[in-house]
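Asks: Sequence:
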Amino acid sequence: MGMSASQARYLGLIARQSNTEYQGQQINQERTVLSQQSTALYNSLLAMEVPTPPSTNDFTTVVYSGTEGATTFTLGNIKPAADGQSYIVEKKTTQVGDALSQRYSTAIVERSAEDLTGTYITPDAEEAQNVITSINGYYVIDSNTGSWRNAEASDFTKVDGGYQLIEGKKYFQQGAGSETLANPNANTYTVYGETAYSFAQAKEKYADLGWGGYEQAILNTFGDDYKPEDFMVIFTQSDNGSVIPYFALAEDVKGGDDRAVVYEYIANGQYTFTESIEGCKLEFDTSGRITTLKQPILDGKNIIGYTDVSLEATTVTDEAAYQDAYAEYEYAQYQYDKTQQEINAKTEIIQQEDRNLELKLQRLDNERTQITTEIEAVSKVIDDNIESSYKTFSG
Numbered sequence: 001m002g003m004s005a006s007q008a009r010y011l012g013l014i015a016r017q018s019n020t021e022y023q024g025q026q027i028n029q030e031r032t033v034l035s036q037q038s039t040a041l042y043n044s045l046l047a048m049e050v051p052t053p054p055s056t057n058d059f060t061t062v063v064y065s066g067t068e069g070a071t072t073f074t075l076g077n078i079k080p081a082a083d084g085q086s087y088i089v090e091k092k093t094t095q096v097g098d099a100l101s102q103r104y105s106t107a108i109v110e111r112s113a114e115d116l117t118g119t120y121i122t123p124d125a126e127e128a129q130n131v132i133t134s135i136n137g138y139y140v141i142d143s144n145t146g147s148w149r150n151a152e153a154s155d156f157t158k159v160d161g162g163y164q165l166i167e168g169k170k171y172f173q174q175g176a177g178s179e180t181l182a183n184p185n186a187n188t189y190t191v192y193g194e195t196a197y198s199f200a201q202a203k204e205k206y207a208d209l210g211w212g213g214y215e216q217a218i219l220n221t222f223g224d225d226y227k228p229e230d231f232m233v234i235f236t237q238s239d240n241g242s243v244i245p246y247f248a249l250a251e252d253v254k255g256g257d258d259r260a261v262v263y264e265y266i267a268n269g270q271y272t273f274t275e276s277i278e279g280c281k282l283e284f285d286t287s288g289r290i291t292t293l294k295q296p297i298l299d300g301k302n303i304i305g306y307t308d309v310s311l312e313a314t315t316v317t318d319e320a321a322y323q324d325a326y327a328e329y330e331y332a333q334y335q336y337d338k339t340q341q342e343i344n345a346k347t348e349i350i351q352q353e354d355r356n357l358e359l360k361l362q363r364l365d366n367e368r369t370q371i372t373t374e375i376e377a378v379s380k381v382i383d384d385n386i387e388s389s390y391k392t393f394s395g
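Position one of the sequence shown corresponds to residue 1 (my numbering), numbered consecutively onward.
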């Protein structure tokens, strides 16, 4: 190989060596970035809080019960009195009478103002014989308010297979007709698809239902927490055509949520009667549990003695609250496992990319070794050529 050819080869090898070293630097930089990403994922894994299953001990309470004659009671809230020597004690007894029982939880819809399009109908004798299968979309004038409202089953003649219009009565049927009717339910609420009335409106709408029992049921069930005026009422029809009221708290219906708990009336249902007694004294055992309730005997407003009632302490687990907490734990555990799997999957991808870069770096290192060896050989050829040339001119 001549001098100029050797020099050209040498320069080409040097360029390849520089390029190989540059590629190696780039790969090392990429591996550094991957290492930082892997460290961040590992730190996020360390920062995750492992869900802890709930303990039944967190949902147990001590319930005190006692017996007075044939009546068994339990104690509710116990508060120290202002005198610092006595207590205000809630006694709860199960009684039978008018009560409300939760029936279901249902969706709430607030209706906005709009005009209804349809047809006014005042049926004659022949038209009144026609059977309709659904009363949805029919409206009638309320005899109490004089305004239009949703038609109910009582506004029709119930027959096999459906309903018949009543001769001479005025209806409005929503549909393709060109006549319009202001929406009678504008800006009102429906619960379970039925219009919700205030308690006062409901009493006016069906004054003959005997509202005293419903009012007593509310007082029996909720005590001082809620009054009848705190409820809204919806009405449904039984199979025999009688009207059945159901009750929902107004704060639920108008509270911005889209669901409400609906209660039904039970004439001889069980309810908890709560009585608050002032001036009570308590006796405790060495473990701090109450053993005796000393109820005051009053002469007017003066305490002339006490009635002692022995109490039994029972540990009760709120199973529903525990199950709710356990369901939350299972969801948290699912989220934890899911996040952990995602982190592990991302880490595996990073590790695979790092292995690929490591293989590339090894190939570049082998290539650099070969180039270095060839550079040394070419450099020796150049040195030999230079030595030979100088010897020639010196000879």
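Note that these hints are calculated values from the structure, not bench results.
Quick reminder that beta carbons are idealized off the backbone N, C-alpha and C, glycines included.
Among the hints, a few may not be true.
[What the hints assert, rightly or not] Across the chosen pairs, the derived CB separations fall in these ranges: (1) Thr307 to Phe284: 30 to 40 Å; (2) Glu110 to Ile349: 24 to 34 Å; (3) Tyr306 to Ala107: 48 to 58 Å; (4) Lys227 to Ala40: 24 to 34 Å; (5) Glu110 to Pro80: 44 to 54 Å; (6) Tyr326 to Lys170: 37 to 47 Å; (7) Thr60 to Thr339: 49 to 59 Å.
[To be verified] Result set (SDA-like, lysine to any residue): computed pairs, CA atoms no more than 25 Å apart in a straight line: (8) Lys79 to Asp285; (9) Lys92 to Asp318; (10) Lys227 to Asp83; (11) Lys91 to Ala182; (12) Lys227 to Gln333.
Asks: What are the numbers of the hints that this structure violates, sorted from low to high?
Replies: 1, 2, 4, 6, 7, 10, 11, 12
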